[in-house]
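Engineer: These are the residues of each chain, in order.
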Amino acid sequence: MNALNFALAISETVMAIALAPLLLGLVDQCRAWLQNRRGAGLLQPYRTLRKLLKKDAVVAQTASPLFRASPYVQFGAMALATAIIPIFGTHSLLATSADTIALVGLFAIARVFTALAAMDIGTAFGTLGARREMMIGFLSEPALLMVFFTASLITQSTLLPNIVITMTSHELVIYPSLAFAAFAFVMVLLAENARIPIDNPSTHLELTMIHEAMVLEYSARHLALIEWATALKLLNFAAIGLALFLPWGLSAPGDGGLAIAASLLIALAKLALFCAVLALIETMSAKLRIFRAPEFLGTAFLLAVLGLLVHQLLGS
Amino acid sequence: MLKLSLASQLIHFGAALLLLTAFAMLTQRRVLSLVNLFAWQGLILSVSTAVVAYSSVQHHLYVSAALSLLLKVILLPLILRRLLKRLNVRWDNETLLSVPTTMLVGIVLVVFAFSLAQPIAELSTSIARSTLGIALAVVMLSFLMMITRRKAVSQVIGFLAMENGLFFAATSATYGMPMVVELGVALDVLVGTLILGVFFFQIREQFDSLDLQHLEQLKED
Amino acid sequence: MSLTPLSIILALVLAWFAVGLLGLIAPRNVAWVGRTLFPLGAAMGLAMAVAAVLAIFGATETRILAIGLPDLPMHLRLDALSAFFLALIGVTTTGISLFAAGYFRGGDGTAPGLMGLQYHVFLASMAMVVLADDAFAFMVAWETMALSSYFLVTTQHRVPEVQSAGFLYLLLAHIGAISLLLCFGVLQGGSWQFTFDAMRAADLAPAWASVAFGLALFGFGAKAGLLPLHVWLPEAHPAAPSPVSALMSGVMLKTAIYGMVRVSFDLLPHTQWRWGVVVMVVGGLTGLFGAVFAAVQSDMKRLLAYSSIENIGLIFSGLGLALLFRGMGMGTLSALALAATLYHCLNHAQFKSLLFLVTGSVMHATGERSLGKLGGLLRHMPWVAGMALIGTLAMAGLPPLNGFVSEWLLLQSYLLTPSLPHTLINMLAPLGVAVFALTTALASYVLVKFFGVIFLGQSREPTAPPARDAGLLERAGLIWLAATSVLLGLLPVLVLRALDRVNLELIGSSLGERAATWWSVMPLSSERASYSPLALGIGILVCVALTFLLVRRLYHGRIRLCTPWGCGYPQWTPRMQDTAEGFGQPIRRVFEPFFEVQRQTPTAFDSAPKYRVVVTDRWWGLIYAPIIRLVQMLSRWVSFLQQGNISLYLLYSFATLLTLLAFVL
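Residue numbers (the working numbering), protein chains in the order written: chain A, 25 to 340; chain G, 8 to 228; chain D, 6 to 670.
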């Protein structure tokens, strides 16, 4: 049984990693539909990845080994996070080795390495991107922690699988504090994944870009890894959000084949719904000026703190 | 953790949403969105009043709920929107303090209100008593909003939001005020808004602007 | 006299002293002092660490040494708490002494031999502070520590800034010491016995206990750098040589923490929870303040000094939490918070010393301290850069390194505050944890800035000759500290077992054997939270390696080198990179009200445009400037006494004599 569980967890993680670009494709497609465009199709991210992997890598002369290692670290950290977060079921392999705080730490590893690699070449745009990314990070990271803390105060655990199990095992209760946390989480998700009110993933406009400014110097397989890591990050955040706020339908350890299949379908449906909602939010909002970004994230942070306070007051 | 009935869960949820809208109003720069937020706040207020009425079998609260629905969700936002249109107010609000600072002050106020309300709530017997702190916080936040805004319209909205907080405090702590008082307050608010609307026109006639900074010129030197 | 840990440690302290004296044989001989004596000191540090670790798990030892004033022998005591701090001193100084062996060179300033004496006296006095078991011994050691470090700070005593920095340090050290003297005066509680045993036995009234606690907080806070008393840190660290900065920031600040723990957990047995709230609030504010200011610094050692203030803030907020839980009678939770706090002390000692030593190497290689003139050192100094990267990641609180473990434990203890039976605290705890989280996130901003601006990119001053990597001994010191940072992160079980002994001694409850295994840490229960650094570390390595191998295996590894792409701008120079000011700009914008900013911006018509921003501390204007004005005013009044007339002075003496005689009458 244990070996079976192991194999199941591994295969689910591999599947999640393979599916992650599809998520990006779906968001882009939904956005295109909402904006009355035809869109490039669901599989476009895969085509981009294949194209990038085939090309020769062009690296700046001034690059150090850190620059070349960084994409692997980013991808590795995100893939590890995927293995930890319960995406299809709560039986994930490394669930007890890293709780929500360690997850925030994992995301921070990816962020720090991206920023350091951006500063490595020594161009104006790289450092500009790094500075902006760290600016977003220093506010979104504590906001994310506060969201996790609200959930873990309710469930008395900081382990994501245990949070899911506690939330789903008793009858439906409305938690007002989770409403605050959900608002804050959506804002953090948008900022962390470089989505529209904060950053625009599909533009290279020099003065407004954040994430793209950092990866300007990358090409070919390095860029492919970074793009894939970006997709994985979106998947990870989506899975965290679903686990915290819509935890129903995840399979538990020791479930039979039918339950696992059902949980797979439910998870895919929830992810598709997430993509649609994300596309809707992105279509409905306009990009903020970069100086408004700290305000946006400060609001997210304070909302999350407010969630904790409300929890303390109402006891729920 | 103690188990709560569905009704009180809903009331708690409504209270949290009220606080959320109060914070949103504090950070919102555009006047039109402020009016919309006010309408939402009214809706949440009226729904949670109805829930209190249902769960505590206090029938006069249904009237209150209907009244606030009529007044705060439909009538007042309508008047305000018309006012904005006729005054041609489209500008962004200039706040006196920066938004993050305002929010920090707001958080401090919330903590203050929560710990202030805790001993009072112990005395109350209502099912929604622990929301008293939130109601108090909403009142304070609206007050803060009135202080930090320069434009007359947003100050009026702050005033109305403050009344929302007081109303919620009354329902949550003591199942509402006597009907006569409630009707009187409702009428006051309505008439007040109308009169203030007239004032806006007068202010603008006088100064070609609704910026309250100009009122400072009225004092004698 | 049997060979107990205490006697070994005392012998080592004496040996440090002797090593220092030996330096005077040939004070200008760098080979003798540097290559022989300092490595010897390092070996003694290692021996002390081993002896202290044994002592943590051994029984408490006391000893009375008949030195000092007549009838006032020195009481010494080696218990789990002092053994833990001795281990910290030993482990950290091993690395710092190794580095110092290669670092000090001849030249102007204090002769290496004299400096070796000051350095080793400093080490010995820190060990004695931790061992002292009566107020006299403690104060003697404390003052020796302050004086020897003052001389070390003013090594370059001909530079005016160094003089004033040294003076500021000495001043605050003495104000703190006065407060500590008063604190011990209150603690003895009327028995006039100044041994710590008598103070433990003294039954103070709650009000007096609070007074003693407040005095201790002020006194130790001045040494540690708590909020209004932090001003000496950012001045003294840039002035001192790097190993001395490392020693002061990494180790000496921890003796203040030791004193605080000793007084509040040991000498004052009846903790009041209000103390915890005060310490938590002051610590939280100090942490946030330090982090925000570190982000806008442009001198690398000032940046690290502010980051020390930040970490001291985090440590104090953890200490406050432990006091709060203890005051409420929740032993296990208090044990968790105290363990997390002390663990963070140990971790901070490792990575902060490492980074200060790194700045020493950078300064040797380039002669620059200003971040605006550095850059691109990764290519010239790969060893230093590699170790600096480890220190950076550890201090930024990234798993699986050591900074993360202690921050994780602290956050876990914050998450337990809702079980406290008090409304106001329940409201304050979320704010506390929010400030804590914000501070740690800002720390990673600061460290990306630190590492990125110094080691990455291109050199901002292209004319400078290429820098050379650090020498062998310096490298050894850096590697030692980097290795301890990694090990302390991967194997928290070692530290937590040791800390449980301290907990048992001070609080009377412990986390228990099950709280930590070789594989993972799970304070309280495994359902609540668990973290296994080894699994996470191996996981990251495996994931990265797998990715690398897969990409390598499935795709070609062709690479073309070319010039960087600057978004189509025709020419770029290294000066177009962000400077330290530029990188800190978002923080300056967001936290504008915190700072006093002077800005000088160019106009469109300047032929040589210049942009200058000076960020200063508001506390100077708020607290220190009024005090300085007051002192000056008082001294002007007093100066009326000084008229230069001899007969007037004789009159003063005569009047004094008469007044005293009148008292006797």
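Worth flagging that the hints you see were computed from the coordinates, not collected in a lab.
Errors might be hidden in some of the hints.
What follows is a set of in silico ranges between Cβ atoms, one per label pair, in the way DEER data are often shown [what the hints assert, rightly or not]:
1) G/40 x D/531: 56 to 62 Å
2) D/499 x G/127: 25 to 31 Å
3) D/62 x A/70: 53 to 59 Å
4) D/378 x A/232: 26 to 32 Å
5) D/70 x A/92: 55 to 61 Å
6) G/198 x D/621: 33 to 39 Å
If you're wondering where the values come from, they're calculated on a predicted model, not measured in any experiment.
Beta carbons are placed, not taken as given, at the ideal position from N, Cα and C, and that holds for glycine.
Engineer: Next, verify each hint and record whether it holds.
Structural biologist: Cross-check of the supplied hints:
1. Taking the beta carbon of each, residue 40 of chain G and residue 531 of chain D are about 48 Å apart, not inside 56 to 62 Å as hinted.
2. For the hinted restraint 25 to 31 Å between residue 499 of chain D and residue 127 of chain G, the CB-CB distance of approximately 51 Å leaves it violated.
3. Under the hint 53 to 59 Å, the C-beta atoms of residue 62 of chain D and residue 70 of chain A, about 58 Å apart, fit the expected range.
4. The supplied range of 26 to 32 Å is met by residue 378 of chain D and residue 232 of chain A, whose beta-carbon atoms lie about 30 Å from each other.
5. In this structure the supplied range 55 to 61 Å holds for residue 70 of chain D paired with residue 92 of chain A, their Cβ-Cβ distance being about 60 Å.
6. Checked against the hint of 33 to 39 Å, the pair residue 198 of chain G and residue 621 of chain D fails, with Cβ atoms roughly 54 Å apart.
Checked against the numbered hints above, the structure breaks hints 1, 2, 6 and satisfies the rest.
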